[in-house]
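Those sequence lines, one after another, are chains A, B and C. For the first sequence, our numbering assigns the number 7 to the initial residue and increments by one for each residue that follows. For the second sequence, our numbering assigns the number 81 to the initial residue and increments by one for each residue that follows. For the third sequence, our numbering assigns the number 184 to the initial residue and increments by one for each residue that follows.
Check each hint, because a few of them may be wrong.
Subject to a maximum C-alpha distance of 16 Å in a straight line, what follows is the list of computed EDC-like cross-link-like pairs (lysine to aspartate or glutamate) [unchecked claim]: (1) K433(C) - E212(C); (2) K149(A) - E217(A); (3) K708(C) - D590(C); (4) K349(C) - E262(C); (5) K345(B) - D97(A); (6) K433(C) - D290(B); (7) K433(C) - D284(B); (8) K307(B) - D290(B); (9) K708(C) - E730(C).
If we take Cβ atoms under 7 Å as the criterion, some of the chain B residues that face chain A in the derived model are [unchecked claim]: (10) Y340; (11) V343; (12) R347; (13) G348; (14) L349; (15) R352; (16) W434; (17) P437.
It is worth saying that the hints were derived from the structure and are not from the lab. Using N, Cα and C, we set each Cβ at its ideal position, and we do this for glycine too.
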Amino acid sequence: MTYDRSHVVLSVRDLSVNYLARRGRVRAVSNVSFDLHAGETLALIGESGCGKSTLNLALIRQLPNTAVTEGAGILYTYRDGRQVDVLKFSDRAMRRFLWSECAMVFQGALNSLNPVLRVSDMVYDTASAHGIGRDEARRRVLKLFEQVRLDAARVFKSYPHELSGGMRQRVLLALSLLLRPQVVIMDEPTTAVDILTQRSILDVLKELRAELNFSVIFISHDLAVAAEIADTVATMYAGEIVEIGPVNDVFYKSRHAYTLSLLNAAPRLSVGREELMSIPGSPPDLIEPPPGCKFHERCAFATDVCRTVPPPLVEYEGGRLAACHETERVLENALETRKAALA
Amino acid sequence: MSAITTQPAQPQPQVDVQTPNVLDFLRRLWRNYYVKVFIQGLITIWAVTTFTFFMIRQMPGSPVEAKIDELMTRQAMTYEEAYRATATLFNFDPDRPLHLQYFDFLSGLVRGDLGDSITKGGVSVTSIILRYLPWTLFCVGMALVISFSLGIVMGLAMGYWRGSWFDNLITTISSIISGIPDYIMALLIILIFGVQLQWFRIGDVRGGVDPNITPGFTFEYIASVFKYALLPMLIYVLSSIGTWTLSMKSSTISTLGEDYITVAKARGLSQRRILTDYVGRNAMLPLVTRLAISVGFVVGGSVIIEEMFQYPGLGRNLYIAISGRDYTTMQGIFLVITAAVVFSNILADLAIGWLDPRVRLGKQEES
Amino acid sequence: MKRLFLVVGLLILVFGVVALPAAAQDAPEGTWLGTWPYSAPGTHNLNSFAAGGLNDNLGTVYRVFVELTPAYYMYASDEYFGLLAESWGFNDDATAYEYTIKEGAMWSDGNPVTSQDVVDTFSVGRILNWTQWTFLDSVEAVDERTVRFNFQEGGASRNAERLILKEYVVSSANYGDLAEQARQVVADGKTSDDAEWQALSTAIEEFRPESLIASGPYTYSLDDVGEAFMTLHWQPNSVFSSTVKFGDLKLWAGETEQTTPLVLSGELAHSTNVYPPATVESFAQAGIRLISISRGYGPVLLFNFTVPPFDNKLVRQAMAYAINRDQNALLTNGLGASGTVYMSGILDSLSPTLLDQSTLDALDHYPNDLDAAAAKMEEAGYTRNDAGKWVDADGNMISVEYTFPADFADFSAAARDATAQLNDFGFDITERALPWQEAANAIRISDFDLSVWSWGSASPFAYQNFNNPIRRWTVQLAEDQPGLKLDISNIEYEGQTYDLNDMILNVSNGLDTAEQHERADLIAKILNEGMYYIPLNEMLSVEPMNESSIGGVPADDDPIYKNPTGSDHPMIYLIFTGVLYPAGM
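Excised from the complex, chain A in its bound form (with noise of 0.2 Å):
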């Protein structure tokens, strides 16, 4: 896949995200920054709770209350060129900004519908809400149904409930990109479904990004679903980006600790069931996060460097960055795996 590395439609810089719990604050994420161009495709991997969902409801501030957002800015560049910051957006702005800039596809097709509203009503109220008359909006609907492969007119006048699981997903896809954004989230967007359905909604996808070339920040646990579609991966652990870089890179040439063992802990077909390893441990507590590398009661190569000085998150090359003190131990125990996975 290629895109335009010198257009990036969306740069987050230093963002953070606290929840105020009442035994302190929850860093959910922490000075996280990256820069997503057109048309490009990124994913963020991680455990649950590793702050990519967080991330990325910081990103269309649709955070409860309690979360309390701090960062140097979400910068957002319009097609005509014109920048924005996200952040500094009236309640109004944002409404507006919202979908039509930059959609999202929740996980949990099930819940994400309207279960008293037909799918109809659910196009009209969002083309309404952006100035789209209900024709113009039905015209695009349907033609963005027929894209994901539906059955265009009867889905459009169905409830939610008369919908199988793979339609609804398809139905939130299709919803998704009706305002033509330039972004659009994809919060674990196949999890919920048989692995056929699945097959079809990333031919799907694929498809359409070709088509209307929009940028895709892809929220998955299923790394070999990540593999398949992303361009750029990043690795996110307890709130922080630990790795990002081109999805090849990162795969195969992994420079951080996490990403090594998460790429060991998924089932690959080409390796045997046996070599599966998951990852000791469980993910550290982010109210009083454990010192230096947060990763390094659990990680097979800290050291005691490990264990009192954060690592810093270094440039290597190919644009990769990766936040490791044993990043070249880590390289070469990748390469090796890769290696006897090869033979």
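Fit chains B and C to the given chain A structure using the hints.
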């Protein structure tokens, strides 16, 4: 009602290929959901009515004895005076065997005749019900509508802006007033605003309408009807709104946690649209069943409130009938209440099916 | 346009003011604010004989204002005051009673009240099995205004006189046809078991007069009956139309609970309801005048005679000694009750007139005396155990239940205090509160150990006084209702057996006061010695009388207040004679 399925009704396979006969027709009729529910309702009403028929006759004291005791004790009449004022006046034969009384009652019922009041000198029970039912329906019904609507709106707002001063204030008030029984509230209002502060003359809020105004479809008459219903309605509303508000609040809060709300917000929908069609409609669903059931109990009114305000409703008549052991009137009123409750339950099923497309009433039941 | 409206409005106002007093020239002004639990519209009718009719609607206090009785009884002076009648009395050999209607007595429809109206009244009453027909043989018109009541053999009594003079007279214009049929049925030799008789009885009950024809100074139509109140309007034709001072009698619906706030807010001036002591207190604090009228009854402790040890006279006597009746009275109804003094079975207020002084002196007044009570218990074979409770030879305590009507505040208070006092004395009694209908029924079907109900009667005769409770809860019950389980036809007294039932039935017979005294004295002694029930106290009706709307209320010691509330209520006399008037006139 158990006949709710979450799937669209499947077409009924043709099981019986024999020539249709009457039995077959009946069986098919029975399978029709509405017919079935209706017949079940009738059976329920008959069972409850039969039960009440025998129960009220088990109450200690016959109408004659109750009247004698009352006159002797309350009006200090001598036994002779009380007996004379009572005994010959009731068209009721206490010695008639119970099962014959029951068959009289049933055969009358089938003909739509509820008989005559025992203690009210030959006034037909039907005429009593027809005279008083509209008042109760008007007063309690209006109050229920107001209470439900206000409760829904306030609960929705409280749930949506949870933790705001509005939420805290109304939650506190609701919790307090829903703990006060309605008759205590009525007493407090009468004593504080009527006796102490003299904001209104207590006598002026009694009855159903100003007796000096000729009944008719005039502004004056209707205004008076509203004026007299105001206080009882206020008390019904106050005593029930707390429950509606708090239920709606908690229902709203759980609805707000649903994904489709987050999605709706992410779609940039206006707050009003989200509040009404996304939060409101979904949060309301569990309350609609309860509303329909409450509609059934409207008919009984509130016995004590109607008695306190001398409101000409069915509840007050039930009170009078019970203390006078007026069997036939009690029976008639209980019958109306039972029918209302049974049919409003059926209504609840229909309403929820209409509001929530996920719930489909199986029009053709699976056999 | 606006101005036109104004002018028209002013004109209406002016004519209205001028026209009103012209039309109602003779009607007195001002409204009497009373209360009665009348039948609500829809069930309300104007029949003088039917349920939901005048008797229910206006009751013992207000019916006489629309349908006069011949006379009104004054308890203090033992005299009648004529209402419809100008003269009355037994004939010389006491085989008949006669009264003469006042000259000029008129119905509201303009016709004179005649003896035929009285004859018709009693003809209809005969079909309805009125009590009067147990001693009357016939009623006949002597002349236009004089009626003669012929007694059956031995039927003459002062009670008969009272029942004749207290009977409301109805108009022949309304009831003449029914009366004619009634006489026909009787002339045909029918009895109350015959279908014709019963059909006529039903016809009488189902008769619905279109309008009330009143002989009293007030009348009303169904349009005057509202849900919250009904109004009786003054009418000019009555012999009392010129003496009453109120233009309207406004009667609020409801009973104690509904009328309490109205009394407090001054919208109700006089009420006959029974208010609990705390409410009476708040009336006093609101500056409302309270007058005490005899209520004609009080709470009584009733025994189930098949429950040991209440079959034992000594125990019953001990209980009478053990209960402080003054304390009981205070707790029953505050100052509106007084502890029973004579224990004669006749109200204390009537005992001195109905019994000889020597008898009153001879009766055991059962003063509160715990030693005397203990002595009686020991005599009955009881001893006190370590806990101070009385036990029989087998060591059993007197463990029984005291049943009382929870919704009658006065009776429950009396029962609970009696329970507490007896338990202090060494009994083991538990309270059993029931709704009043059930409490009454419990006595009827003997499902009780001890209970409370009323004793005495608002009647000037010994018969009615003795009747309640001892005949009421025994022989007057239905056959399958055993009541107190006391055989009152076989009562032992000083070695002899008496038929108390028969004695009470006949105590007020005849006209010889001395004989009546003699009979009453013996019954009083039997009841007093046997303590078949313990009259706890005698209640007064404490009735609010708001002087900001009623003027002329007599002083508290006025003899008219000797009249009891249940019959011949003092207000009847006070309104009829114009003593009471609207305040501020």
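Right, here's what the structure says about each hint:
{"no.": "1", "hint": "K433(C) - E212(C)", "in the structure": "holds (13 Å)"}
{"no.": "2", "hint": "K149(A) - E217(A)", "in the structure": "holds (13 Å)"}
{"no.": "3", "hint": "K708(C) - D590(C)", "in the structure": "violated (34 Å)"}
{"no.": "4", "hint": "K349(C) - E262(C)", "in the structure": "holds (13 Å)"}
{"no.": "5", "hint": "K345(B) - D97(A)", "in the structure": "holds (11 Å)"}
{"no.": "6", "hint": "K433(C) - D290(B)", "in the structure": "holds (14 Å)"}
{"no.": "7", "hint": "K433(C) - D284(B)", "in the structure": "holds (13 Å)"}
{"no.": "8", "hint": "K307(B) - D290(B)", "in the structure": "holds (9 Å)"}
{"no.": "9", "hint": "K708(C) - E730(C)", "in the structure": "violated (45 Å)"}
{"no.": "10", "hint": "Y340", "in the structure": "holds (5 Å)"}
{"no.": "11", "hint": "V343", "in the structure": "holds (5 Å)"}
{"no.": "12", "hint": "R347", "in the structure": "holds (5 Å)"}
{"no.": "13", "hint": "G348", "in the structure": "holds (4 Å)"}
{"no.": "14", "hint": "L349", "in the structure": "holds (5 Å)"}
{"no.": "15", "hint": "R352", "in the structure": "violated (11 Å)"}
{"no.": "16", "hint": "W434", "in the structure": "violated (11 Å)"}
{"no.": "17", "hint": "P437", "in the structure": "holds (4 Å)"}
Violated hints for the displayed structure, listed by number in ascending order: 3, 9, 15 and 16.
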